[in-house]
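Can you make the complete structure from the sequences, with help from the hints?
So the chains spell out like this:
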Amino acid sequence: MPIGNPPPQVASEVLGPAGSTARAGVRAARGRRRGNQRFHRADRLAPYILVAPAVLIIAGLRLYPLALGVNFSFTGDGDRNGQAVGLDNYSALFDDPLFTAAMRNVGLLVLLLPVAVAIPGLLATLIYLRVPGHRVYRGVYFFPAVLSPVIIGAIFNLLLAFDGPANSLLGAVGLGPVDWLGDPDTAMYAVVGVHIWATFGMALVVFLAGFATLDPSLIDAARVDGASIPKVVRHVIVPGLSQTIQFVVVTTMIGMLTSMFGLLYVMTGGGPEGSTYLPEYYIWFQQGQMGRPALASAASTVLFGVMLVVGMLQLAVLRRSGRED
Amino acid sequence: MKRRALWSTALIAPLALYGCGSAAAPESSSGGGDTLVVWDWKSGDEAAKSYIEAAKADFAEQHPDVEVEFTAQPFDQYYNLLGTAIQAGEGPDVMLFNGGGQLRDRTDALVPLDDFVADDMERLAGWEAFTADGHVYAAPVTLQGHPLYYNKALYEAAGLDPEAPAATWEEFLADCAAITEATGADCFAMGNKEGYGIQFFMSGLGPGILGPEEYDAWIAGDRDWTSPGVKRIFELWVEAEQAGLNNDGVNSTAMFNDEFALFDSGEAAHVVGLMSDVGHWKEFGEFIGDENVGVMPAPVVSPEAAPVLPYDGGIGYGVAEWTDDPELAADLVRSLTSTSALEAFYADAGAIAADTTIDASGAGPATAAIVAELPTGKPALHVALSAETLELMGRLSQQLLSGSVTVDGALAQLAESDGAA
Numbered sequence: 001m002p003i004g005n006p007p008p009q010v011a012s013e014v015l016g017p018a019g020s021t022a023r024a025g026v027r028a029a030r031g032r033r034r035g036n037q038r039f040h041r042a043d044r045l046a047p048y049i050l051v052a053p054a055v056l057i058i059a060g061l062r063l064y065p066l067a068l069g070v071n072f073s074f075t076g077d078g079d080r081n082g083q084a085v086g087l088d089n090y091s092a093l094f095d096d097p098l099f100t101a102a103m104r105n106v107g108l109l110v111l112l113l114p115v116a117v118a119i120p121g122l123l124a125t126l127i128y129l130r131v132p133g134h135r136v137y138r139g140v141y142f143f144p145a146v147l148s149p150v151i152i153g154a155i156f157n158l159l160l161a162f163d164g165p166a167n168s169l170l171g172a173v174g175l176g177p178v179d180w181l182g183d184p185d186t187a188m189y190a191v192v193g194v195h196i197w198a199t200f201g202m203a204l205v206v207f208l209a210g211f212a213t214l215d216p217s218l219i220d221a222a223r224v225d226g227a228s229i230p231k232v233v234r235h236v237i238v239p240g241l242s243q244t245i246q247f248v249v250v251t252t253m254i255g256m257l258t259s260m261f262g263l264l265y266v267m268t269g270g271g272p273e274g275s276t277y278l279p280e281y282y283i284w285f286q287q288g289q290m291g292r293p294a295l296a297s298a299a300s301t302v303l304f305g306v307m308l309v310v311g312m313l314q315l316a317v318l319r320r321s322g323r324e325d
Numbered sequence: 001m002k003r004r005a006l007w008s009t010a011l012i013a014p015l016a017l018y019g020c021g022s023a024a025a026p027e028s029s030s031g032g033g034d035t036l037v038v039w040d041w042k043s044g045d046e047a048a049k050s051y052i053e054a055a056k057a058d059f060a061e062q063h064p065d066v067e068v069e070f071t072a073q074p075f076d077q078y079y080n081l082l083g084t085a086i087q088a089g090e091g092p093d094v095m096l097f098n099g100g101g102q103l104r105d106r107t108d109a110l111v112p113l114d115d116f117v118a119d120d121m122e123r124l125a126g127w128e129a130f131t132a133d134g135h136v137y138a139a140p141v142t143l144q145g146h147p148l149y150y151n152k153a154l155y156e157a158a159g160l161d162p163e164a165p166a167a168t169w170e171e172f173l174a175d176c177a178a179i180t181e182a183t184g185a186d187c188f189a190m191g192n193k194e195g196y197g198i199q200f201f202m203s204g205l206g207p208g209i210l211g212p213e214e215y216d217a218w219i220a221g222d223r224d225w226t227s228p229g230v231k232r233i234f235e236l237w238v239e240a241e242q243a244g245l246n247n248d249g250v251n252s253t254a255m256f257n258d259e260f261a262l263f264d265s266g267e268a269a270h271v272v273g274l275m276s277d278v279g280h281w282k283e284f285g286e287f288i289g290d291e292n293v294g295v296m297p298a299p300v301v302s303p304e305a306a307p308v309l310p311y312d313g314g315i316g317y318g319v320a321e322w323t324d325d326p327e328l329a330a331d332l333v334r335s336l337t338s339t340s341a342l343e344a345f346y347a348d349a350g351a352i353a354a355d356t357t358i359d360a361s362g363a364g365p366a367t368a369a370i371v372a373e374l375p376t377g378k379p380a381l382h383v384a385l386s387a388e389t390l391e392l393m394g395r396l397s398q399q400l401l402s403g404s405v406t407v408d409g410a411l412a413q414l415a416e417s418d419g420a421a
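Chains as they are written, first to last, in UniProt numbering: chain A, 1 to 325; chain B, 1 to 421.
Hints should not be assumed to be uniformly reliable.
As the list claims (entries may be wrong) - Just a few of them, taken from the derived set where beta-carbon distance is under 10 Å, the chain B residues facing chain A:
| id | residue |
| --- | --- |
| 1 | T84 |
| 2 | T253 |
| 3 | L401 |
Unchecked claim - Short, incomplete list of chain B residues facing chain A, as computed with Cβ under 10 Å:
| id | residue |
| --- | --- |
| 4 | D76 |
| 5 | N247 |
| 6 | D248 |
Hints listed in this document are in silico derivations from the structure and should not be mistaken for laboratory results.
Since the structure is predicted, the reported quantities are computational estimates derived from the model, not experimental observations.
Positions of the beta carbon are idealized from the N, C-alpha and C atoms, including for glycine.
This is how it looks when you write it as structure tokens:
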């Protein structure tokens with residue numbers, strides 16, 4: 001309803017018996033005034049009432065628990081349960097080699113992000129350029145995206161076992177066996193590799209959707225001019241897809257930081273030597289396994305801070321790209 | 001600008017109250033007068049059905065009007081769920097625990113049972129694992145221990161006498177060499193992916209390394225991490241790996257159940273297993289035959305050691321601190337540890353029950369060998385450690401195998417963690 005229109009019920013009040021037209025007119029005027037007041041109040045309240053459910057849900061189920069969690073991070077565990085301990089949890093956190101390893105792994109994930117984006121980008125390009133069998137690949141690439149991390153973890157546990165097929169294959173070409181999940185130098189890469197394998201199908205679909213918006217005549221023109229495929233990719237496809245690439249970067253980053261838990265849990269359990277911890281795994285471990293909820297709250301607060309910074313940076317990137325258009 | 005400031009204030013204001021309240025909830029009580037809720041990870045098993053039935057029947061005789069509700073939780077999430085319940089200060093009235101650290105870390109949430117179970121003290125074994133600061137917090141259902149199992153068929157194939165396993169470490173190494181040469185099987189099945197391998201190694205072989213006095217002092221909480229005996233345990237852990245006694249890829253082999261699968265399939269001659277539930281005589285017997293499952297004392301590494309069977313209370317039921325009627329809940333715990341119930345558990349679930357009055361002589365040579373050792377047995381070394389120290393030990397044991405920490409370095413860290421706990 002457009003705001004500011006007179007309320008319709010006033011019109012019906014004007015229709016009265018002919019003998020009392022004047023009084024009716026006065027009453028009508030009074031009624032109109034009262035109606036307007038009533039309307040104004042409803043009008044003012046309406047937006048608040050309409051947003052109230054959303055605000056209450058956000059405040060009650062998001063902001064309040066968040067504040068509570070931050071609050072708990074300044075209290076103690078065990079014997080000191082309920083006492084204010086200042087920054088003790090935070091100093092314990094940064095003294096804990098497990099937590100610092102987890103934060104380092106977050107850094108590693110950020111560094112590996114370009115790989116995680118380039119793989120689906122490259123494969124989508126090849127499908128778009130109709131390499132032989134592209135229809136088959138389109139389906140096959142998406143297939144792992146429908147599997148649960150637990151199943152994928154179990155499959156790769158078997159494949160990457162010390163006496164598993166991956167090492168048999170390496171042995172057949174004369175390379176020594178690699179303890180994929182037992183060597184702290186390879187374990188994190190193995191898990192991230194499996195995560196990329198398992199999730200790149202979704203990014204691939206986004207890329208293919210982006211390709212649908214590309215103007216094919218540009219590519220045809222480049223080809224007619226004799227551009228090689230790498231040059232077409234570099235100078236025509238990448239600039240045309242810049243927005244899609246940014247979107248994939250953001251969603252892949254979020255995926256890597258928030259949904260590796262299942263794989264870690266099944267494949268390494270944070271090991272070997274604590275080399276595959278991520279903050280969310282650490283939080284779960286401290287809260288549930290070690291019974292230290294306050295320390296876990298502190299770790300959650302730090303993770304929240306990190307995510308906030310990463311999120312802000314990504315928003316800034318997205319906004320800038322929007323302005324460029 | 002003003003609005004933004006207002007929002008920021010609204011968001012930040014709660015933080016001004018920082019450090020109030022507590023992450024784990026203070027005590028409160030839950031309702032439900034005539035229903036007792038039990039949490040465990042056993043009652044869903046088909047094998048434990050007869051046990052639960054027997055316990056329920058025993059309890060119903062004393063309290064016909066009280067209903068008992070068993071909620072089986074998945075084991076790998078059990079302590080997470082329990083932790084949440086403890087923080088909320090409400091949940092089950094009676095709950096199942098593993099003995100040792102898992103229980104000791106949570107005694108705040110439990111009722112001391114000393115007065116309620118005084119009559120059971122004689123009949124049941126394994127109380128130490130459920131005792132903290134002089135109080136008993138749960139009653140043992142099964143006994144859990146770490147016997148050193150061996151595969152008699154592999155001994156025979158290597159031309160060794162399967163009834164006369166090695167008594168000393170040198171003989172043990174010689175036997176292993178003979179077995180590996182004759183059959184290709186590894187000496188030990190070892191899985192340390194979860195960091196449990198070192199715990200079993202310590203408890204399984206430790207009795208052959210530490211002298212009786214040092215052993216008892218360790219259990220009593222007086223632990224010298226720099227003593228030659230303790231150092232020898234960790235040196236042996238590294239030596240066993242370097243000498244090729246273990247299967248390949250120890251740090252990526254899960255104990256549950258890849259390690260035990262190696263022993264089951266005859267690819268390894270020895271394994272430090274369990275006494276109850278999984279990785280035990282019953283499971284091994286199903287694969288390699290009951291007659292081929294041998295149990296041997298830890299080979300003697302240091303001359304002053306006198307090997308004993310390491311065992312503790314395995315699992316036991318405790319009473320939640322927030323329950324309405326602790327006496328009623330304690331009665332249920334007593335029913336869950338009654339002789340009739342435990343007999344059913346032993347017979348059907350393949351566990352060494354905590355009740356010493358049960359006759360186990362008819363259950364095969366391995367069981368008989370274990371039960372015969374119970375009277376002289378002592379608590380296992382690793383069970384005496386806190387969950388935190390165990391977690392650190394698991395991580396350090398992996399580093400020891402990959403060579404990224406020295407034995408002395410690892411012991412220093414463990415001493416610090418154990419001292420802080």
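* Taking the least C-beta to C-beta distance, is B/T84 closer than 10 Å to chain A? -> holds (8 Å)
* chain A contact restraint for B/D76 - C-beta distance below 10 Å -> Check passed: Cβ of B/D76 comes within 9 Å of chain A, closer than 10 Å.
* **B/D248 as chain A interface residue, shortest Cβ-Cβ below 10 Å** => holds (5 Å)
* To do: Could you check if B/N247 really has its C-beta closer than 10 Å to a C-beta on chain A?
  => Since chain A brings a Cβ to about 8 Å from B/N247, closer than 10 Å, the hint holds.
* Status of the hint placing B/T253 at chain A (closest C-beta pair under 10 Å) -> holds (7 Å)
* Restraint outcome when B/L401 is required to lie within 10 Å of chain A by C-beta distance -> holds (9 Å)
Violated hints for the displayed structure: none, as all numbered hints are satisfied.
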